[in-house]
Amino acid sequence: MPMTALTGSRVRERRLQLGLRQADLARAAGISASYLNLIEHNRRRIGDEVLARLARALKVEAQTLSAGAEGVLVEDLRAAAASAGDDQPELDRVEDFVGRFPGWARMLAAQHRRMGLLERTVNALNDRLTHDTHLSQALHEVLSAVSAVRSTAAILAETEDIEPDWRARFHANIHADSERLAVGAEALVAYLDAASEDEEQGVVAPQEEVEGWLAARDWHLAELEEPGGRARLEAEIEGLASAA
65 MPMTALTGSR VRERRLQLGL RQADLARAAG ISASYLNLIE HNRRRIGDEV LARLARALKV
125 EAQTLSAGAE GVLVEDLRAA AASAGDDQPE LDRVEDFVGR FPGWARMLAA QHRRMGLLER
185 TVNALNDRLT HDTHLSQALH EVLSAVSAVR STAAILAETE DIEPDWRARF HANIHADSER
245 LAVGAEALVA YLDAASEDEE QGVVAPQEEV EGWLAARDWH LAELEEPGGR ARLEAEIEGL
305 ASAA
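When we follow this note's numbering, the leftmost residue of the sequence shown carries the number 65, and every step to the right adds one.
Take these hints with a grain of salt, some might be off.
Below, a list of computed lysine to any residue pairs in the SDA-like style, where the Cα atoms sit at most 20 Å apart [to be verified]:
(1) K123 <-> E113
(2) K123 <-> L80
(3) K123 <-> R91
(4) K123 <-> E77
(5) K123 <-> D88
(6) K123 <-> G180
(7) K123 <-> R78
(8) K123 <-> L84
(9) K123 <-> I95
(10) K123 <-> G94
(11) K123 <-> L82
(12) K123 <-> R85
(13) K123 <-> E104
It is worth saying that the hints were derived from the structure and are not from the lab.
Generate the whole structure from the sequences, applying the supplied hints.
Quick look at the structure:
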């Protein structure tokens, strides 16, 4: 049975929960109190037989003492250390760190997972900016509307003598371009939100989404061969994440 340096800490924690003294637990497990003290301070590894006796005395499964959530936490911290580059922490003391400062350990592991997720999201967005035709067109539309509003506003602000008819035209142009900008921005935000609902899977381009949908159907749209199937198929297509 695999055991880590945290096993002793779990033995001590369980003993304190039950309100047992070291001497009482050592007697029940058939070991000396000094040996139990070394175990609880993670200075001695525990054999399977001794661990089984301690587990019976503590009224828990032996696996609960030899493994636990700390094991996953230790692996998460090792993974975080592996991505740290040249600035490596003391890997041989990671289990001691988890045992002594579990709160800090959980926070560091959570930060590492969060950083990994953000890196994957940034990479996915970078790929989309490069390869997603719809996203490029949407961004171009927003920038075009912004430029149009800015140019028209600059004319109105910098030209003092503008005939009323032309001023009205400029105002109408600003209104139309601002509405185009609002529609384009809303569509772009909705598109990105819908495509990034599942952050673990990353952001998916419309073409990739459609190809995945078709692949799940084995590239065969059986509804087109059935009476009234086209309407059902169109309803399902409308349910895809990307309106594009």
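Straight-line alpha-carbon gap K123 to E113, limit 20 Å = Roughly 15 Å between the alpha carbons, so the hint for K123 and E113 holds.
Take the C-alpha atoms of K123 and G94, compute the straight-line distance between them, and say whether it is at most 20 Å.
-> Within the cut-off at roughly 15 Å; holds.
Does the alpha-carbon distance linking K123 and L82 stay inside the 20 Å limit?
-> 9 Å, holds
Could you grab the alpha-carbon distance between K123 and L84 and see if it respects the 20 Å cut-off?
-> Within the cut-off at roughly 12 Å; holds.
Take the C-alpha atoms of K123 and R78, compute the straight-line distance between them, and say whether it is at most 20 Å.
-> 9 Å, holds
Within a Cα-Cα threshold of 20 Å, do K123 and G180 meet the stated pairing?
-> Status violated; Cα separation ~40 Å.
Given hint R85 paired with K123 - CA-CA distance at most 20 Å = 15 Å, holds
Take the C-alpha atoms of K123 and R91, compute the straight-line distance between them, and say whether it is at most 20 Å.
-> 15 Å, holds
Can the restraint linking K123 and E104 be considered satisfied, given a maximum Cα separation of 20 Å?
-> With Cα atoms ~17 Å apart, K123 and E104 stay inside 20 Å; holds.
Restraint check for K123 with L80, where alpha carbons must lie at most 20 Å apart | 13 Å, holds
Given the hint that K123 pairs with I95, does the C-alpha gap stay at or below 20 Å?
-> Given that 20 Å is the threshold and the Cα spacing comes to 17 Å, the pair holds.
Taken at face value, is the distance from the CA of D88 to the CA of K123 at most 20 Å?
-> Since the Cα atoms of K123 and D88 sit roughly 14 Å apart, the hinted pair holds (cutoff 20 Å).
Consistency note: the structure conflicts with earlier hint 6 alone.
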